[in-house]
Amino acid sequence: MNNVLLNMPVKLKLLTAFGLLLLLTVGASLASYSAFDNLTDGNKKVKDVASINNLVKDARFNEKNFFMRNDQRYVENTLSAIKAAGETAELAAQTLESPEQKTAMEKVQKDLVGYQAALLRMVEQRAQSG
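When we follow this note's numbering, the leftmost residue of the sequence shown carries the number 5, and every step to the right adds one.
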């Protein structure tokens with residue numbers, strides 16, 4: 005093997021080295037592109053979860069304002085935020101691959117439905133009482 009390398013012309017040695025460097029560069033580029041694609045996908049999932057979190061926070065804020073100020077517009081804002089969070093959770097669930105993540109997102113959706121039902125019951129009780 006050493007004899008083959010020693011007997012190769014310089015031009016062929018340079019072309020071989022350049023070819024190997026080119027292959028390494030292409031391989032590194034493909035690996036980087038794949039990793040960047042995975043990172044972008046993961047970032048989208050994190051943004052979806054953050055969006056759901058912010059919408060639920062807004063819903064809770066509007067719920068508190070309704071009970072403090074007894075203004076119906078806060079109920080409408082709360083229901084709107086819950087609906088938006090549910091839609092976001094539904095879209096996010098479609099992109100998840102892991103069964104654990106899907107189960108967690110289904111639980112979020114179920115909790116949002118329960119939250120909406122509880123809110124409507126409290127609003128109704130408050131209207132009946134006074």
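Derived from the structure by calculation, the hints contain no laboratory data.
A portion of the hints provided could be inaccurate.
[As the list claims (entries may be wrong)] Derived DEER-like restraints, expressed as beta-carbon distance ranges:
| hint | residue 1 | residue 2 | range |
| --- | --- | --- | --- |
| 1 | Pro103 | Arg125 | 29 to 35 angstroms |
| 2 | Glu110 | Lys48 | 17 to 23 angstroms |
| 3 | Ala108 | Val8 | 29 to 35 angstroms |
| 4 | Leu95 | Arg130 | 29 to 35 angstroms |
[As the list claims (entries may be wrong)] Calculated pairs, EDC-like style, for lysine to aspartate or glutamate (alpha carbon to alpha carbon, straight line, at most 16 angstroms):
| hint | residue 1 | residue 2 |
| --- | --- | --- |
| 5 | Lys106 | Asp52 |
| 6 | Lys49 | Glu128 |
| 7 | Lys87 | Asp52 |
| 8 | Lys111 | Glu128 |
| 9 | Lys49 | Glu94 |
| 10 | Lys111 | Glu80 |
For every residue, glycine included, the Cβ atom is placed at its ideal position computed from N, Cα and C.
Verification of the hints:
{"no.": "1", "hint": "Pro103 / Arg125: 29 to 35 angstroms", "result": "holds, 33 angstroms"}
{"no.": "2", "hint": "Glu110 / Lys48: 17 to 23 angstroms", "result": "holds, 19 angstroms"}
{"no.": "3", "hint": "Ala108 / Val8: 29 to 35 angstroms", "result": "violated, 59 angstroms"}
{"no.": "4", "hint": "Leu95 / Arg130: 29 to 35 angstroms", "result": "holds, 33 angstroms"}
{"no.": "5", "hint": "Lys106 / Asp52", "result": "holds, 13 angstroms"}
{"no.": "6", "hint": "Lys49 / Glu128", "result": "violated, 36 angstroms"}
{"no.": "7", "hint": "Lys87 / Asp52", "result": "holds, 14 angstroms"}
{"no.": "8", "hint": "Lys111 / Glu128", "result": "violated, 26 angstroms"}
{"no.": "9", "hint": "Lys49 / Glu94", "result": "holds, 12 angstroms"}
{"no.": "10", "hint": "Lys111 / Glu80", "result": "violated, 24 angstroms"}
Checked against the numbered hints listed earlier, the structure breaks hints 3, 6, 8 and 10; every other hint is satisfied.
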